[in-house]
Amino acid sequence: MILTLLQIIFFLEVLMFLTAVFMHLVHKNSSLILLYQLQSLIVIIFVFSSAIKISSILLIFVAILMFIVKVIIAPYFFNNKLIKNNQFKFSSSTYLNAPLTLLVIAALTGLVYSHYFKSLTILVKDVDNLFLALATILISIFLLINRKGVLSQMVGILSLENAIVSFAFFSGLEVTPNMQIGIIFDLLIWIIIVSILATMINEKFGTLDSTVMNNLREE
Amino acid sequence: MAIIIWIIQLILVPILSPLFLGVIRKIKAHFQNRVGASIFKPYRDLWKLFHKDEVISEDASWIFRFTPYLIFTITIVLGASIPLFSNLFSNNLLSDFLTVVYLVALSTFFLALAGIDVGSAFGGFGSSREMTLAALTEGGFIFSLLALSFLAHSTNLFSITKTISNFSLFDFMPIILVFISFMIVMLCETAHFPFDNPATHLELTMVHEAMILEYSGKRLALIEWAAANKFLIFLSLGANMFFPWGLTAQADIWSIVLALVVFSVKILILTTFVAILESSIAKFRFFRLPDLLFTAFVLSAMAILLIL
Amino acid sequence: MFNLISTQFSFFLALLLLAIGAIGSLIFAKKDWLANLWGNGLAILASVSGLVAAVKVLFFGESFTYVINSTLPNLSFSFMVDKLSAFFIFIISLIALLASIYGLSYVKHFYKKYNLGVLGFFYNIFLAGMLFVVSAHNGFFFLIVWEVMSLASYFLVIFENKEKNNIKAGSLYFIMTHVGTAFIMLAFLLLYKTIGSLDFNVIKENIGHMSLLSKNLVFIFSLIGFGIKAGIIPFHIWLPSAHPAAPTHVSALMSGVMIKTGIYMFIRLFVEILSGTELWWGVLILIIGIFSSLLGVLYALTEHDIKRLLAFHSIENIGIILLGVGSAMIFLSLNLKTMATLSLVAALFHTLNHATFKALLFMGAGSVISQTHTRNIEEYGGLIKFMPQTAFYFLIGSLAISALPPFNGFFSEWLTFQTIFNGIQISDIFIKSIFILAAGGLAFTGGLAAACFVKAFGATFLARPRNEKVLQTKESSFSMRFGMGVLAFTTLILGIFAGVVSKIILGVVNNLNGFQQISGIFSGQGKTFELSNGFAIVSTPMIFLILLVVLFLVYWIVKILTNKRKVKIGCTWDCGTKLEPRMEITATGFARSIIMIFKGVLKPSKKFEVEYQDADMRYFTKSRNIKLEIADIYQVYFYQPLYNLVISFSSYVKRIQNGILNAYVAYIFLILLILLLTFSF
Amino acid sequence: MYKLYSKIFSTPKTVIPVNTLFGDENVEIIGKKLQKKIQKLFNGSLAIREIDTGSTNACEHELTALGNAYYDIERFGISFVASPRHADMLMVTGPVSRNMREALIKTYEATPDPKIIVAVGDDAIDGGIFRDSYAVLDGVDKVIPVDFKIPGDPPSPKTILCYLLKILEAIEEKNK
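Protein chains in written order, with my numbering: chain A, 5 to 223; chain B, 2 to 309; chain C, 7 to 687; chain D, 499 to 674.
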């Protein structure tokens, strides 16, 4: 049962979709970061496979770079920088309780698979990969909305970025190296800034819960 | 021959105007059962004023000294460029009716400035009233002449008289409307009843007189003469534009003399009309005058609608 | 040497000089006199080369187009200087030249107080902006340059930032121009959507297949947009507060030339680009013209701040120009091409005239203000004895603006009258009554303008000084008088040789794309100007000559007749009472009778306050004052309700900002979903 | 309007003093001589400006009576004018009261030459019944140079006409 390349990719895409779903459900932030690492690993495999397809060495080098940034540096920052030495009391409270979030996720995926989006089929033939990628995008945005904790919102944005890259990969847009480098570089800067931001919020407000900032609104 | 007509045209208005002023005063005197001064008294007034010294206030600037000459010049130029007794020169360059209107406005502008210049309360008041009335008459003045120029398809006064003179009596209806509005405008511009009493001594009621309270000697003579000229110009406009018969086209002696006689008869009729009007109605309150002037404007606007 | 340099070279030289002037004056901002000299000097040089370019295009017909396409998709820096824009470049450079000469010494009284480098910088950018606006030929580039011009003029308006109402005026001006620019953008976007390109030539070619609805929409938007800049009646509220706030040589430029860019775009857009004009367009512009001219002059009469008075007169003259443009559009829609050409010539001639005499009047007002340090006419009086030459030039300016014969205002108003008389002879009863209203409006405007300028000139310059500040005034310096002198001379020259100038403007109008083969509207062999249908003939040089000759004759005859008579200098006769300055007529007193006549429109209000010595005894009053005011109906009935509406709507919308971060992300998510759904249909 | 005209034209002209009717020939003769005098001196037009310096208004009534239909000095070329600038002759009535003194001087200076100053009525000549009172300056000649005086308190219009003639004869001798 040799699995053809397509089936492997489809399987990886399903895995990515599941990571996005589980991000909603998991409570501890460390597991959240773990899921993010898994997701970025999948995306790196996609980029790697497209590199082999168009056989550009530069793209392979970019994939390695992505691997370093996403799988090593980002979690390193999150884990020991934020969680360990600042002893953040993470609250993974969400606006909607678990069943409701699952209901919304189901609705979103249902929406993606509904007839509204059949016009996407003109793009590429293996359409279900595409739908899955689109669903992961919508779900990771929903993660941002649902979670109150600042850290989980950060992870939400990172997973959104991964989902967009995968969507681009599946929709047949060739993954050019310099674009990827741009994204990676941007991601790196973003992570640094966000971590500084998180520490400052923590010092100022004591908690990382974004609801505390409601009273910043000027009257 | 044309030169003689040209000379007569040039000097006719300044020569005759004091006479008709005297005639008006005589008729008004008779209405008041008085004998009244002889009709040549205005000439003597001018002669006497030319031979008197002048007292000019130290607040007056060069405008006060220069205005009488300018106003007198404008009346002379106007006198030469409107149809009096002959419509021989149709291509006269100055006799476009808008030029006439705006030359009159120029003389009013400078007279008002001279009124303000000496800084007396009466001069300022006189100028303010004069400019208000002048602003409101301009609409009626332009529209009445405009109605005639639409009838004659040309704005040149001489050609208007030519075309209207061979009009049949039937389409005279709009012209009567225009004549009424022109009479109102004429009464207002030449400061006669019901707009302003020329013989008043009460400074507060004066409009035209108030501005020339400060003038004396030769400057006063010039201004009085210019006012008389302006009166005659408006009378001749009224007479020749609306009843243009009797204007000669030939250039021989007899037809000129005949035309002059017809001209003075027409002007006499109009002066008697003005004198009768002055003796029979009272002067209107100042804020009732705008309604009268707007009626003049509306009358001629309706006439235009009728004509075209 | 003249035809050595090509128009293109001299035009871009002008722009280059302005750029150098701008940057230079910033560099030399430390030393006041150097910044002033540099800023104005370079502006003078630039306007000279601008004049050269304009004259070459107007006389030798070497119009040029020059395109630099840029990276952005439809932004191409395309210049097209045909005769129409050359005419406007001529006006801009002429007034800029004289305003800069005037500014050289007018700016001296800013020396210690304000930073002259900034003034020089924005002044040059403002001039460059205007030159660009009239030569830009690509919608996008036009919008950029329009914005540059508005911003530069905004900074010039708030230049004297010590007085707080300047800032208020500046912000009102800022908001109004940007509302206007928004409407212009809408119009251009609509054009772009239907025609696919923003270049004026492309738009001009295939205007045909634009639907009527979108053409009407473009007309309405650009009417509002350029109308705000031109200051037509409903949108004029910024003009009377912004123009006086700017330094005088800038407000002379703003009201003499900047509002004309609105007129330039009216003609460029309505007459040339949207060639198939509708009838109701012309009628609408004509009605706006009537209202602007009549209400402009009425509000000017109520003013006793000299610069606000002149600003209201700009609105009045814009109204008169719009009468010409409106009648041109009506004739175009009835395709009576010859009459349309005549009315366009009238409109353009009045634009030129208004630029000259308005700049002259502002300069006169400026030199009066720089001496007396106040803008209130009531505190002037008797200035003719202290500033004789400024008074003489102001008198020439007021004669020209009230359209009195020997000067240029007369001929352009005479021409506008001729176009309206042509309009009256059209058969359709509805249009004929509109034209009769226009003729009535123009007649009354002329009269009221004359009354207003007797008030302005009389109360400012004649009679006795009404406060002691006037006693210390002295004649303004040479370069100010030189600027005014040249402008006064141009008004006279334009007035006398009106026939020749109108032939040149006829060339400009024939250059427009719908008017190529129209000629023979009027024949002006230099001396006389005669309408070809024989309707009217006038010769302005003859009027001037005859007046002069007869005046000379009268003066000499009277001198000979009465040379024995002495002239004694006495004091003014006032029924023997002791005459103080307070007894002479003031500006408010002068205009009060007209305000009472038009009180329906102006709604004057009078408030008494009496203060008694002590509460119970009512006989002896300590002080009594009267407050005369004119209700600004636009503020009360049009802008205030609009303002309240906007405020209430925005406070309703404010509730969205509830402070919850996630809520904001949720909004983004919702919008994303909606967009995905809509575009997937 | 019609009633007004009919009344005007019905009243007989006789109101105007035809010499024979009342035998006032001296009025008429004086009138005729006066006219010739004025004709020669002021070329037929004499402008009079009347100044009331605190008079009892009696002289004013007489002077206004000069202008009515009976005496009608207009026909002899004499007219009253509004401003001293237009005037040739200043007729001053009333004993010059203290606060009218300055006004009288200003009017005197405002009148252009050649001018004639006439004091009408005894008050104007030497203060009349009000002489030596604290508020009065006893007569016009104390303030401005007076050329002629018309006595009478108040002088009747006829006497005023008669004196005007004497004044003009005196001027004639002076001019020769």
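Treat the hints with care, as some may be off.
As a list, the in silico SDA-like pairs of lysine to any residue whose alpha-carbon atoms are at most 20 Å apart [said to hold, decoys possible]: (1) Lys572(C) with Tyr606(D); (2) Lys574(C) with Ile615(D); (3) Lys501(D) with Asn34(B); (4) Lys391(C) with Glu59(B); (5) Lys584(C) with Glu204(B); (6) Lys152(A) with Ile662(C); (7) Lys584(C) with Val644(D); (8) Lys570(C) with Asn34(B).
It is worth saying that the hints were derived from the structure and are not from the lab.
Do the hints match the structure? See the list:
no.: 1; hint: Lys572(C) with Tyr606(D); verdict: holds, 17 Å
no.: 2; hint: Lys574(C) with Ile615(D); verdict: holds, 18 Å
no.: 3; hint: Lys501(D) with Asn34(B); verdict: holds, 16 Å
no.: 4; hint: Lys391(C) with Glu59(B); verdict: holds, 11 Å
no.: 5; hint: Lys584(C) with Glu204(B); verdict: holds, 17 Å
no.: 6; hint: Lys152(A) with Ile662(C); verdict: holds, 19 Å
no.: 7; hint: Lys584(C) with Val644(D); verdict: violated, 24 Å
no.: 8; hint: Lys570(C) with Asn34(B); verdict: violated, 41 Å
Checked against the numbered hints given earlier, the structure breaks hints 7, 8 and satisfies all the rest.
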